[in-house]
Amino acid sequence: MSAILVVTELQNNEFKKSSFETVSQARRLADSLGQTVTALVIGSDVKAKAASLGEYGADQVLTAEDTKLENFNPDYYKTIVIEAVKKVSPEIVLFIATLQGRDLAPRVAAALETGLASDCTGLEVVDGSLEIEHPLYAGKVFAKLSLESPVKILSLRPGVFEAKMNGKQAVVNSLELPALESRIKIKEINKTGGDKLDVTEADIIVTGGRGVRSAENFKIIEELATVLNAAVGATRAVVDSEWRPHDEQVGQTGKVVSPSLYIMCGASGSIQHWAGMSGSKCIVAVNKDPEAPIIKRADYSIVGDLFEVVPALTQEIKKIKG
Amino acid sequence: MKIIVCLKQVPDTEANIKIDTNGKSISEAGIKFIINPYSEYAIEEAIRLKEAGKAESITAVSWGPERVSEALKTALAMGVDDVLLLKTDSYSVDSFATAGILAAKLKTMEYDLILMGKETIDDGSMQIGPMLSELLNIPCVTVVTKLDVDGEHVTVKREVEGGSEIIETSTPCIITCQKGLNEPRYPSIRGVMMAKKKQVTTEQVSFEGENLSINKLSYPAARSEGKVVGEGADAVAELVRLLREEAKVL
Numbered sequence: 001m002s003a004i005l006v007v008t009e010l011q012n013n014e015f016k017k018s019s020f021e022t023v024s025q026a027r028r029l030a031d032s033l034g035q036t037v038t039a040l041v042i043g044s045d046v047k048a049k050a051a052s053l054g055e056y057g058a059d060q061v062l063t064a065e066d067t068k069l070e071n072f073n074p075d076y077y078k079t080i081v082i083e084a085v086k087k088v089s090p091e092i093v094l095f096i097a098t099l100q101g102r103d104l105a106p107r108v109a110a111a112l113e114t115g116l117a118s119d120c121t122g123l124e125v126v127d128g129s130l131e132i133e134h135p136l137y138a139g140k141v142f143a144k145l146s147l148e149s150p151v152k153i154l155s156l157r158p159g160v161f162e163a164k165m166n167g168k169q170a171v172v173n174s175l176e177l178p179a180l181e182s183r184i185k186i187k188e189i190n191k192t193g194g195d196k197l198d199v200t201e202a203d204i205i206v207t208g209g210r211g212v213r214s215a216e217n218f219k220i221i222e223e224l225a226t227v228l229n230a231a232v233g234a235t236r237a238v239v240d241s242e243w244r245p246h247d248e249q250v251g252q253t254g255k256v257v258s259p260s261l262y263i264m265c266g267a268s269g270s271i272q273h274w275a276g277m278s279g280s281k282c283i284v285a286v287n288k289d290p291e292a293p294i295i296k297r298a299d300y301s302i303v304g305d306l307f308e309v310v311p312a313l314t315q316e317i318k319k320i321k322g
Numbered sequence: 001m002k003i004i005v006c007l008k009q010v011p012d013t014e015a016n017i018k019i020d021t022n023g024k025s026i027s028e029a030g031i032k033f034i035i036n037p038y039s040e041y042a043i044e045e046a047i048r049l050k051e052a053g054k055a056e057s058i059t060a061v062s063w064g065p066e067r068v069s070e071a072l073k074t075a076l077a078m079g080v081d082d083v084l085l086l087k088t089d090s091y092s093v094d095s096f097a098t099a100g101i102l103a104a105k106l107k108t109m110e111y112d113l114i115l116m117g118k119e120t121i122d123d124g125s126m127q128i129g130p131m132l133s134e135l136l137n138i139p140c141v142t143v144v145t146k147l148d149v150d151g152e153h154v155t156v157k158r159e160v161e162g163g164s165e166i167i168e169t170s171t172p173c174i175i176t177c178q179k180g181l182n183e184p185r186y187p188s189i190r191g192v193m194m195a196k197k198k199q200v201t202t203e204q205v206s207f208e209g210e211n212l213s214i215n216k217l218s219y220p221a222a223r224s225e226g227k228v229v230g231e232g233a234d235a236v237a238e239l240v241r242l243l244r245e246e247a248k249v250l
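Protein sequence lines, in the order shown, are assigned to chains U and H. Its first residue numbered 1, the first sequence is counted upward by one per residue in this note's numbering. Its first residue numbered 1, the second sequence is counted upward by one per residue in this note's numbering.
Note that these hints are calculated values from the structure, not bench results. Small disclaimer: the values here were computed from a predicted structure and weren't measured. Idealized CB from N, CA, C, for every residue including glycine. Check the hints yourself; a few may be wrong.
Here are the simulated lysine-lysine pairs, DSS-like style, with alpha carbons at most 30 Å apart [stated by the list, open to error]:
id, chain 1, residue 1, chain 2, residue 2
1, H, Lys248, U, Lys318
2, U, Lys187, U, Lys49
3, U, Lys144, H, Lys87
4, U, Lys144, H, Lys32
5, U, Lys288, H, Lys248
6, U, Lys86, U, Lys17
7, U, Lys17, H, Lys248
8, U, Lys319, H, Lys227
9, U, Lys255, H, Lys146
10, H, Lys227, U, Lys318
11, H, Lys24, U, Lys255
12, H, Lys2, H, Lys54
13, H, Lys248, U, Lys319
14, H, Lys32, U, Lys255
From chain U, some residues computed to sit far from chain H (all C-beta separations above 12 Å) [as the list claims (entries may be wrong)]:
id, residue
15, Lys49
16, Ala51
17, Lys164
18, Glu223
Could you put together the complete structure from these sequences and hints?
Next up, the structure:
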């Protein structure tokens, strides 16, 4: 029986939610293709938590443990994934389309001389083959792709696919480690954001646009984000004005996001920004200009001064959250 | 030190993308093409290294149809020394096939440093840099916001989820460039005049071993018409009710 291999990811030594999403999708594909699911966990101390991937549908979990593997090193991680591929001979390998997964998957694909569909937002089995959805031009159009190589490698966008409890028991095995060599050296790791939620992985995003007017004024955006357990997003104008760091920029020259709730404060909704966030389930706009394009396109909008509306919204959310 | 910049020409971010009647590609009618914004950071960084006396030459390499010459002319006007177009008659969405034509050419060239954008804003695959790393067997660091080159020692700052890393490697290597690395210049009038005198070297190539292909393009599902909940802070309570009861996202 053929296998699907899932390359999972950890953050602060816990599984990212997208790891569960991707294992769940592997299960769904495996069930319709009659295959099994093997999840790969790479890190320095991962054995104890490995079995929890069974709950999301993994039949087997392979662990690769070494102090060298505590942090992402593309050379080491690539060697590990290729070793796992040799061991389970998968027909499909799923990565997560995070910065890490998008650095790693192409190396593995090139080493295996195979095709890679990255940042997939849809995945179906049609007549026994995969039909892959991938946004082009940051979501201005969507492509249905087919991948013909014997080993098919895909990376799935975080936050798009459902993480579904499945209640399976997984067998946990250790992967025998190959020799690990690297030509790069990690000198320093700066967690500037602490446990800051990345916009690509957040379920809710509160974005400020030019209408916020200054870096200091972003305090009210941050306060709303905090009560919602949301990530702060920014438009290009805001990042170019250096009010916010560029890792928060959403749009065609920033990040493409698809949270369940996207709240835009003081942003008009340019075509480039819209391309990056129009995949959000629900869009809310707060804008003082009733003619702003975003007022028509958002699911819900409030016409008004964001300096009054946003703090009021923060208070209201606090109230319901007790 | 010899630098190669790989760049791509893409539709302007302002462009309204229309699907062609074949349903599989976009219509190029009326579209303005630009240098991929992330490729511009790579060009700028190469020029700065040359200006700092750390690089002796910069060659920009691109691929695609004849119109890509325009992007290469712009790169010349910005300050690169030579340009090469790997001319293709077809479009490929398969980055491994694209990495293949680039690798085949790069293997015949001399380089110490290869700079390119961290991704292109058209297909957004983010694959070429790490794939070339494998095909050329040299290290690659992706999503770089700071680059220091000292002889063969290369130190970079790269963006990771929730922070950054400082990484050391050595030439030859590939660096993929992220916003924040620099502020790309506009070509000077003198640069534009100089570029006119230079040739775009063109070589015909074709994609081989494509595994990934487009079956169909479609527009994003239309969103249902939105609702103006009200004006000012008074509308907040109703908004929260709708988010909880109607949209069920809170």
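*Contradicted hints - numbers only*: none
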